[in-house]
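Peer 1: Sequence order for the protein chains is A and B. Position 396 (the first sequence) corresponds to 396 in the numbering used here; numbering is contiguous. Position 840 (the second sequence) corresponds to 1264 in the numbering used here; numbering is contiguous.
Take the hints with a grain of salt, since some may be wrong.
Cβ pair distances, simulated, as ranges [unchecked claim]: (1) B:Val544 with A:Gly367: 50 to 58 Å; (2) B:Ala1139 with A:Gly367: 53 to 61 Å; (3) A:Asp151 with B:Gln609: 38 to 46 Å; (4) A:Phe67 with B:Ala951: 37 to 45 Å.
It should be emphasised that the hints constitute simulated quantities derived from the structure, not laboratory data. Virtual Cβ for every residue (Gly too), placed ideally from N, Cα, C.
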Amino acid sequence: MERPLTKNIDAGREPLGLKDYEAAGGYQAVRKVLQEMTPEEVTAAVKKSDLRGRGGAGFPTGLKWSFVPMGDDAPRPKYLVCNADEMEPGTFKDRVLLEGDPHQMVEAMIVAGYAMGADVGYIFLRWAYRLANQRLLAAIAEANAAGYLGDNILDSGYSFKLHVHTSAGRYICGEETALLNSLEGKRAIPRAKPPFPQISGLWGKPTIVQNVETLCNVPHIINRGADWFKSISRSAEGGTKLYGVSGRAKNPGCWELPMGTPIREIIDEYAGGMQDGLKLRGLLPGGASTDFLVEEHFDTPMDYASIAAAGSRMGTGTMILLDDGNCPVGMVLNMMEFFARESCGWCTPCREGLPWVEKILQAIEDGNGCAEDLDRLSAHARDLGHGNTFCALAPGAMEPLQSSLKYFREDFQSHITNKRCPWS
Amino acid sequence: MRVKITVDGKSYEVEQGDNLLRACLSNGLDLPYFCWHPILGSVGSCRQCAVKSYQDDDDTEGKIVMACMESSNEGCRISIDDPEAKRFRAQIIEWLMINHPHDCAVCDEGGECHLQDMTVMTGHDSRRYRFTKSTHRNQDLGPFINHEMNRCITCYRCVRYYRDYAGGKDLDAFGVHDRMYFGRQEDGTLESPFSGNLVEVCPTGVFTDKTFKQHYTRKWDLQSTPSVCVHCSLGCNTILGERYGGLRRVLNRYNADVNGYLICDRGRFGYGFVNSDQRISEAGVRIADGCTLESIDSDVAVRRFTSLIKNKESLIGIGSPRASLEANFALRQLVGKENFYSGASAQEFELVATVVDAMRNGSTQTPSLRQIESADAVLLLGEDPTASAPLLSLALRQSTRQQSILEAAKAGIPMWQDAAVRGLAQDSHGPLFIATPAATALDDIASETVRAAPDDVARLGLAVAHELDPKAPRVVKLGARLKLAKRIAAALLAAEQPLVVAGTASGSKAVIQAAAAVATALGVARAKAAAPWLFLTLPECNSMGLALLNAKPLAEIKQQPKGRGGSVIVLENNLYRRAKAEQVDALLDGKTLVVLDHVQHPTVDRARLVLPAATFAETSGTLVNNEGRAQEFHTAVMPTGAIRPSHGWLLSGLTACRPDEKHALSLEDLRAACAAEFPELASTWLSDESPTLRYAKEKVPRASFRASGRTAMHANVSVHEPTPPEDPDSALAFSMEGFRDPDAQLIPSYWAPGWNSVQALSKFQFEVGGPMRGGKPGVRLIQPCKDAPPSYPDEIPAAFAAREGEWLLLPLSRVFGGEELSSMDPAIQVRTSQAQLLLHEDDGLSLGLSEGDIVEIQSEVGSFSLPVAMRKNVCRGVAMLPLDTPGVGFLQLPLYASIRRVSG
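Build out the structure end to end from the sequences listed, making use of the hints.
Peer 2: Take a look at the structure:
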């Protein structure tokens, strides 16, 4: 099994320095694109691989890049921003890549930057990833010293500056346009689209925002080609995926596996199955903002299409387990507390609707629920849907709520009827 | 281009690319909204204007979209009435109301609240939220604005207006999620001179008028009257609210050509002089001791007046740039044109004449204030309009966005996509070039700023003119400013619609002429392109009107031998603001002085006969603004007691002393006589309402439909409802009954079924933000001379050279405290900072000064003392003296003076 993204990663030691990374084949993609390929060819190669964004939305990466204005008339400077603000609850896959192989991140930025003709790159890093910050800064310093970054990289005529920006810690910064506002020093609120960042992004200039894992795939696609990329997958969607498991499994963690590895296989073989005495009731396949999947879905392959067909979203691919020893209402309440707190306050449904949902769930959990509460929750799940809100935060928040109302309704009902939480 | 869209099965014609919300409102449809505002555009935050949108005729499902964020395209099909859209809109209101205090009954906004209207419109009427409301701490935001954050529905309009639109810095959005807070970082006065617009921009009662709160009355009980602001020369339109004989508040009145949706804080809050207990309320005659003024009743006053004006030969009339055209003309009728003098200072007289000459005899076009927003390159010479003509500054601020709006359009982003347009533009502004002696409030968005004495400002302007048209005189020895002149010339030439701004506040004729020269040269250089714009400010609300009446300058009053007698009639004017005290004293010596005015001042103190005049709020009249636009204001408060409009006193006197001649007896007669004598002014009063002062045999009611307690108002005096006062001078009635129509030429307030707030205005416009269906935008009296050959000043001023040991004193306009009438308002007084002499920091250091030191300013005309302010952003060698500094008296600036430290 090939694990291109994590092959250099060994949690037991420091990440590879520049020399070791080069010895392991690192920066070959930089050399290749600068010396042999035009930016358009790089984009074409990524397009051909069918790489899809690993941040949660799954948008085709090469297609996104193709919207950037190219050529001498294009507005400058252009920016490449890596979204490393990994704030999705239950998600820690980017952290593995950033801490484990920072040079891979730097190389990916250079290659992608070259493809879009970016002048400046930013890695927008979650504030809490302090170790990743240290390691990235060290890697960037080494890359600068070695001439992989800065002016006229490897004598190619291409120049690219790379900075790390540590975020102030808001979930909404994972939304790419809120991230850009935050990076500009403004309130982290999303922007209306269109215009898309590719046209008017950071400081009004053409900008690509891309997730860590997505970018890290790029050097490997360049080095080994689209056909190889597609071949290492177990599904129609190419490549590998960093899958994660959290919750009461025996061995929660994060593993790079072929795209399309089935849920049950990930949980049983890699996470070691459930802790003794606990039964898996359901799971959120890709972070807190995805719909619950239950027993009947556990054999579903983890790829975008299959998980969507099962009624959820692949999201970040890092699942959160619900076992039979925990209250589903409490679990959803916990998430709603998070989402209500992380609402940026820009649009009415999210700002006012999520706290209401949270308060209702708290009341139910405390034994103060009313008969109408479930209708109120369902109404919110409907009214905070896509299109009704300004961005995807609230619709994402509604996914675990609406699916828990569907799959665990009797638990909600018993809280209300018996005026207590059975697990407390 | 117009396209057809379908709304609920009916076809409407709309502007292609317009957002659907504006398109719907422009077609008279009711669609609730909050975060959108005509001048702020769309941001899609409140989600209130949700409608169902259908892809094509086969689409039966549709999807919910926000109307404000969608473009109108041919064939676009939407539904407002769709049940799902309706339910969603009601849900939005329910969310917004979660934390709202529901304190309508005690809220200043109640009855005129957009939130109330929208709540009713969506049908949300019962509460399902059963948890605790959140509350906020309110801030003291100074004398103008009351803050009640608990009412906030987080529409973001306040910060978008205050920061993005008006350039303010000290109001912001704080906090996050459902704990958003809109206020200042700490308690304190809102610094922007445009803060008052928050009162109208806020859709509910978070920001309300604190001066109105001092004498609050329910808004539906106000009698509303269309008026024109008297606190600068721009002539912004206002609505005055009256109850129980007092002026309670001033609101913006929309004029698509002048002030649009906004007025400045001086205009909104400066009305206190009308209600002041310092008002002259009775006629008085000075008794023998020369000090005491004895009250006399009106009939006696008229008789006294008549006896004093009988001898026409020995009469002198001094008019006023703050009195109406009619009052000035009545005085002129009374004293005869040969004895009618301008009440402006000698310098103002000359500067205004220079402006009128440039407008009348030049080929450049004077834009309307609103048009200025669309200028795409601006040169500002000599003054800070934020102080001299505040709303001009706001218009110029918008003009600096013009190029980025055009850029955005190229990128496919419509102008109404506010956040996207601003996101693309980021901090790019301009071009706006500013050349002034001291910093301006527009410096933050200027392309380049130059600090220079007026003569050097004029030289720079003339150099720009020469770059544009070699026939303009060449300015030598410009140094580095030659390159700047070239840059300015290039920027103006590259623009679609360049604009040059200057005015009388610079105190410099050379600056005004230089501005005119730049505009003229631009016209030459641009040949067949649209005429360049030239916008010149004037000192006062009717400076232009007075100038058009051809009054003679004060200096021409022939000194008559002492004791020869005769009377001087001064109309609404304090001569000690117009000339040195010795000059005024000499002028009045041996004469009998009659003063008609409403406020106390030293000229009143000298008068033998004082006649209590109506303020602008108590009479009808006409003012001509700086662009030459004649606009009428009307009686909002019926004058009480002995108070009469000035023109009324003057006509009474005229009739009484010359009973055999035919005289104007009413305001209408006066206007007819004025129009006959000054054909240029004739178009001012041609309207449907004349001569009957009625529409459809009815008058326009000042009171709202919803006025309450009318019969109870005076019940403590008499249970019989008194006859409403008659206002013979307008087609308005102090009544609830009469002719109400959006197409009428008089629109005293905005109301439509379901729309009780000022946002009902949409129902009075052809399209939202466009011209009014009714109302009167005023009449432009002055047209440029299109074929005038380019003419340039013959003289180029010498370059300014700082003198050793002497400083050139220059006038410094102030938004608060620099204008006569508003300075009497208690709230404005709180906002007026102590007058300071402004110097360049290094000049101050060379004098051994530190900030705040008291200095004595000594010139050939005397000395006075002031604290000093030292800044880097001031021209070296000059000292800026605030206009109307208390204790300084009249000074003809510029003037050289020495400066000496008195104390720390």
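Peer 1: Are the hints correct? Go through all of them and say.
Peer 2: So, going through the hints one by one against the coordinates:
The hinted window of 50 to 58 Å between Val544 of chain B and Gly367 of chain A is violated, with their beta carbons roughly 38 Å apart. Checking the proposed 53 to 61 Å range against Ala1139 of chain B and Gly367 of chain A shows it holds: the Cβ atoms sit about 58 Å from each other. Between Asp151 of chain A and Gln609 of chain B the Cβ separation comes to about 41 Å, which falls inside the hinted range of 38 to 46 Å. Here the CB-CB span from Phe67 of chain A to Ala951 of chain B is close to 42 Å, well matched to the stated 37 to 45 Å.
This entry does not satisfy hint 1, going by the numbered hints stated previously; all others are met.
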